[in-house]
Each structure stands twice: as structure tokens, then as C-alpha cells.
Amino acid sequence: MGRLKKLKKIRIHREGTHILWGSFFLLLIINAALYWGIDCKIPFYLMALVSVVVYLLMVNFFRCPIRLFGQDTERIVVAPADGKIVVIEEVDEHEYFHDRRIMVSIFMSILNVHANWYPVDGVVKKVSHENGKFMKAWLPKASTENERSMVVIETPEGVEVMARQIAGAMARRIVTYAEPGEECYIDEHLGFIKFGSRVDVYLPLGTEICVSMGQLTTGNQTVIAKLK
Numbered sequence: 018m019g020r021l022k023k024l025k026k027i028r029i030h031r032e033g034t035h036i037l038w039g040s041f042f043l044l045l046i047i048n049a050a051l052y053w054g055i056d057c058k059i060p061f062y063l064m065a066l067v068s069v070v071v072y073l074l075m076v077n078f079f080r081c082p083i084r085l086f087g088q089d090t091e092r093i094v095v096a097p098a099d100g101k102i103v104v105i106e107e108v109d110e111h112e113y114f115h116d117r118r119i120m121v122s123i124f125m126s127i128l129n130v131h132a133n134w135y136p137v138d139g140v141v142k143k144v145s146h147e148n149g150k151f152m153k154a155w156l157p158k159a160s161t162e163n164e165r166s167m168v169v170i171e172t173p174e175g176v177e178v179m180a181r182q183i184a185g186a187m188a189r190r191i192v193t194y195a196e197p198g199e200e201c202y203i204d205e206h207l208g209f210i211k212f213g214s215r216v217d218v219y220l221p222l223g224t225e226i227c228v229s230m231g232q233l234t235t236g237n238q239t240v241i242a243k244l245k
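So in this note's numbering, the last one in the sequence shown is 245, and the numbering has no gaps at all.
The set of hints was computed from the structure by calculation and includes no laboratory data.
Where hints are given, some of them may not hold.
To be verified - Calculated cross-link-like contacts (lysine-lysine; reagent style DSS-like; alpha-carbon spacing at most 27 Å):
(1) 142 - 243
(2) 245 - 101
(3) 245 - 142
(4) 243 - 143
Since the model is a prediction, treat every value here as computed from it, not as a measurement.
Take the sequences, apply the hints, and build the full model.
This is the structure:
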């Protein structure tokens, strides 16, 4: 299936609009109080500098680039997130498959885009959310002990792929848009994780892995695997 060329436009994700507006007015009030309430302007100048830096970091965090894959998606698995490959290994998956799978994990730092994309075309088979801890997202136990959301997708070829959104030490909210029974496609948003996190993708044994440890990924652009 052909795709249009990748668009260059950058927008703010809907998950960040209320936070950004609220933060803007809060910082504005604090800076105004310092400017008009204290004769010495040094605290105001320092707070103004900190406010600009913090706000720009928040805008950067909630940016949402419009990306189209632009290639044939048959048997392709794309990176569901921006970040770095921190795990490629065979694991026992006990939550849904109850067998051996290849797990590819992408860690997102606070500087990465935190929108998540569907890794494959298909139909959503299962969606679940589990409360848990907020350990550092790159730790191995984070996959099973941190707060997480699971989305299982069956591709047109009948292959089931799981994407698991995992909260990190700073993340306190996972948003998942997937609904059981709906069709999903590469190029569409699966969800959003706020402030530092990780996404695991579970693939069948024998899948051709196209990335390596430490490699940087671009969500909805980097091909991480090809299904058999």
C-alpha cells in the first residue's frame, strides 16, 4: 500500500494543550508578582530565565510531528516511538502469549517526542491497563512491574504483535487510544506517555530484526523488524 511523502509540519499534541496553557499562565503570574512585588529585579530576571527554559522544554516534550511512513507496510514493523533501542532479546511473555517472544524495547528520554504510533497494520485484539510501580524505565523489571498498557494487534497475515507502553520514574500517566475490534494502521497514533518512558514490542520467534542495540529510532519511520 503506497503512502504519501512525509510531511514536515510540527504541531503540539492534544495531550499537552491544557498543560501548556496552564503552565503559561502560572509562570506569567509568578513572574508578574516578582516584577511588581519586589524592588530588586534580580529574582525576577532569574525566574524569567528559568521560566523560559522550562516552558521551552515542555513545548519540546509535547511536540507532535506529522509523519507518514511512505512505503509498503506489508509485514513491516515500525518503531512505535522516538528513542533508543535498549533491549533486543528472547523473553518469556506471561501476560498474553505465554510463550517465547522477541522483545524490542525503545527508551524515550524527556527530550524525545512522546507520541506513540501503531507498529503494524491490523485489528486490535486486546487492550489492557495495569497499575504498578514507577521504577526507571530502562530497568528490566519495568516491563512487568511498572504501570503499563498493553495493545495486541493481529496483522492482515494473522500474526499477533504486542506493543506495551510502560511508565517510567517521571511518567505518571499513560494514554492509550486503541479500542478492541477496531482497525489500526501504521501512521496512526496508538497513544501518549507523559514525561520519560518506554515502549516494548513483542514479536514472534524467527522475525527478522532490523535494528541494533543503542540505535536511535524515529517513531513511525524506523523499520525495527520484518515479519515472516
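Do the hints match the structure? See the list:
no., hint, result
1, 142 - 243, "20 Å, holds"
2, 245 - 101, "24 Å, holds"
3, 245 - 142, "20 Å, holds"
4, 243 - 143, "22 Å, holds"
Violation of the numbered hints given earlier is absent; every hint is satisfied by the structure.
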